[in-house]
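Colleague: Taken in order, these protein sequences are the chains called A and B. Start counting the first sequence at 1; every next residue gets the next number (my numbering). Start counting the second sequence at 1; every next residue gets the next number (my numbering).
What the hints contain is simulated information worked out from the structure, not anything from laboratory work. Careful: at least some of the hints might be erroneous.
To be verified - Straight-line Cα separation of at most 30 Å, DSSO-like style, residue types lysine-lysine; simulated pairs:
| hint | chain 1 | residue 1 | chain 2 | residue 2 |
| --- | --- | --- | --- | --- |
| 1 | A | 63 | A | 78 |
| 2 | B | 19 | A | 140 |
| 3 | B | 57 | A | 140 |
Unchecked claim - Examples of chain B residues lying across from chain A (beta carbon under 8 Å, computed):
| hint | residue |
| --- | --- |
| 4 | 48 |
| 5 | 72 |
| 6 | 79 |
| 7 | 86 |
| 8 | 96 |
| 9 | 99 |
| 10 | 100 |
| 11 | 101 |
| 12 | 104 |
| 13 | 105 |
| 14 | 113 |
| 15 | 115 |
| 16 | 118 |
| 17 | 119 |
| 18 | 120 |
Heads up, the beta-carbon is just placed ideally off N, CA and C, and yes, glycines get one too.
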Amino acid sequence: MTITNDLNLPTEEELSVQEINLSGPVLKAASFHLGRACLHENNEFMLCRDELGDPRACIEEGKAVTNCALNFFRTVKKTCADEFMQYANCIDKSSPNQQYTPCRKTQAVFDKCAKDDMGIERLPFDYYARVQVHKTARPKPDAEGPAVYPDATPYLPESAEKPPAKYGSRYLFMW
Amino acid sequence: MATSASAKKQDMPPEGGYKPISYKRIPAKTYFSGWALIGGYLGMTAAAGFLYYLNCKRLHRNEIEMRSGRFAIFPLLLAERDREYLKQLRRNRDEEAELMKNVEGWEVGTYYGEPLYKTVDKDKLIDPMMQGYYVHTPWKEFNRRAFIRQWS
């Protein structure tokens with residue numbers, strides 16, 4: 001292993017939160033409304049993850065994402081449990097890869113319930129595949145400047161004299 | 001002699017002569033003219049192309065929707081994966097320390113104190129290679145994950 005003792009790793013307790021204990025089809029069925037309900041947390045987490053490129057730096061944001069999703073599913077359970085389970089069941093069993101197309105009817109029922117009872121409207125079908133514009137208070141990380149080598153050859157000074165070539169230059173047609 | 005023998009009857013044309021030899025070309029009945037055929041071909045191709053376009057658009061739209069759905073739950077999955085990954089890294093490190101505690105001069109994550117990466121910051125997390133990540137597990141676990149393409 002290349003993980004040395006100098007590397008700061010968070011402890012087990014810091015990383016332990018209640019996880020979402022749901023299977024893929026259920027998540028796929030909930031995805032559009034979940035994405036809408038947790039849009040800010042998701043974008044914040046993905047921005048952090050993308051900017052810093054280090055899983056250790058974005059643990060708090062990740063916990064916020066999981067917490068938000070947990071709350072979302074609790075709300076679903078409270079308000080639209082039947083409609084949602086029918087939709088998830090349809091997604092699960094209608095196709096081998098959890099297609100949305102065969103389940104438009106159950107989807108419409110769940111959409112209506114989500115809109116009326118939970119106040120979450122379904123976003124356009126390609127919303128999460130678009131570029132997301134996210135307004136955040138997160139400070140921008142310092143951009144890594146160009147590498148500086150102490151033993152690099154110094155440039156010619158600005159004031160250096162640059163006379164025309166003494167014997168002309170080679171001129172060929174192509175290069 | 002031949003004169004007395006019954007005269008052989010010569011084959012003669014039938015009464016009224018032979019029928020005229022049928023050499024006239026009888027072309028098949030034409031339903032469409034050439035221009036109509038070409039026009040029909042072009043028309044059908046155009047119609048089929050339009051249907052193909054509609055189908056393509058529908059499939060493309062479905063693909064985008066599936067991708068969009070995946071992207072919507074991706075942060076959730078990534079957050080969970082990150083936490084489990086970091087936990088496992090710590091477990092691996094502890095396991096190595098436990099395993100190599102009797103070896104003199106061994107430092108965890110290095111080869112007798114010689115690190116793998118020398119010029120990078122010590123606190124920079126560089127993902128270990130897969131074999132290193134799975135080194136303390138039974139080989140079956142590694143196979144199950146590494147060759148998931150072949151299993152599925």
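Colleague: With reference to the structure, classify each hint as holding or not holding.
Modeller: Each hint tested on the structure:
1. A hinted pair counts as satisfied when its Cα atoms are at most 30 Å apart, and residue 63 of chain A with residue 78 of chain A qualifies at roughly 22 Å.
2. Using a Cα cut-off of 30 Å, the hinted pair residue 19 of chain B and residue 140 of chain A is violated, with the two alpha carbons roughly 105 Å apart.
3. About 40 Å separates the Cα atoms of residue 57 of chain B and residue 140 of chain A, which puts this hinted pair outside 30 Å; it is violated.
4. Taking 8 Å as the C-beta cut-off, the interface hint given for residue 48 of chain B is violated, the closest approach to chain A being about 23 Å.
5. A hinted interface residue such as residue 72 of chain B counts as satisfied when its beta carbon comes closer than 8 Å to some beta carbon of chain A; here the least separation is about 3 Å, so the hint holds.
6. Proximity of residue 79 of chain B to chain A holds as hinted, the smallest CB-CB distance being about 3 Å (cut-off 8 Å).
7. Hint status for residue 86 of chain B: holds, given a least beta-carbon distance of 6 Å to chain A, under 8 Å.
8. For the restraint placing residue 96 of chain B at the interface with chain A, the shortest Cβ-Cβ distance is roughly 6 Å, inside the 8 Å limit, so the hint holds.
9. The beta carbon of residue 99 of chain B comes no nearer than 10 Å to any beta carbon in chain A, farther than 8 Å, and the hint placing it at the interface is violated.
10. Annotation: residue 100 of chain B was flagged as interfacial toward chain A, and the flag is violated, the nearest CB pair being 10 Å apart, outside 8 Å.
11. Proximity of residue 101 of chain B to chain A is violated relative to the hint, the smallest CB-CB distance being about 13 Å (cut-off 8 Å).
12. Taken as an interface hint, residue 104 of chain B does not check out: its beta carbon lies about 17 Å from the nearest beta carbon of chain A, beyond 8 Å.
13. A least Cβ separation of about 14 Å between residue 105 of chain B and chain A goes past the 8 Å threshold, and the interface hint is therefore violated.
14. Hint on residue 113 of chain B is violated. Least Cβ distance to chain A is approximately 10 Å, over the 8 Å limit.
15. Interface restraint check: residue 115 of chain B against chain A, minimum CB-CB distance 6 Å, threshold 8 Å, status holds.
16. Hint status for residue 118 of chain B relative to chain A: violated, with the closest Cβ pair at about 12 Å, above 8 Å.
17. With a cut of 8 Å, the hint placing residue 119 of chain B at the interface with chain A is violated, because the nearest CB-to-CB distance is about 12 Å.
18. Evaluation of the residue 120 of chain B hint against chain A yields a violated restraint, the C-beta minimum of about 11 Å exceeding 8 Å.
Violated hints, in rising order: 2, 3, 4, 9, 10, 11, 12, 13, 14, 16, 17, 18; the structure is consistent with all others.
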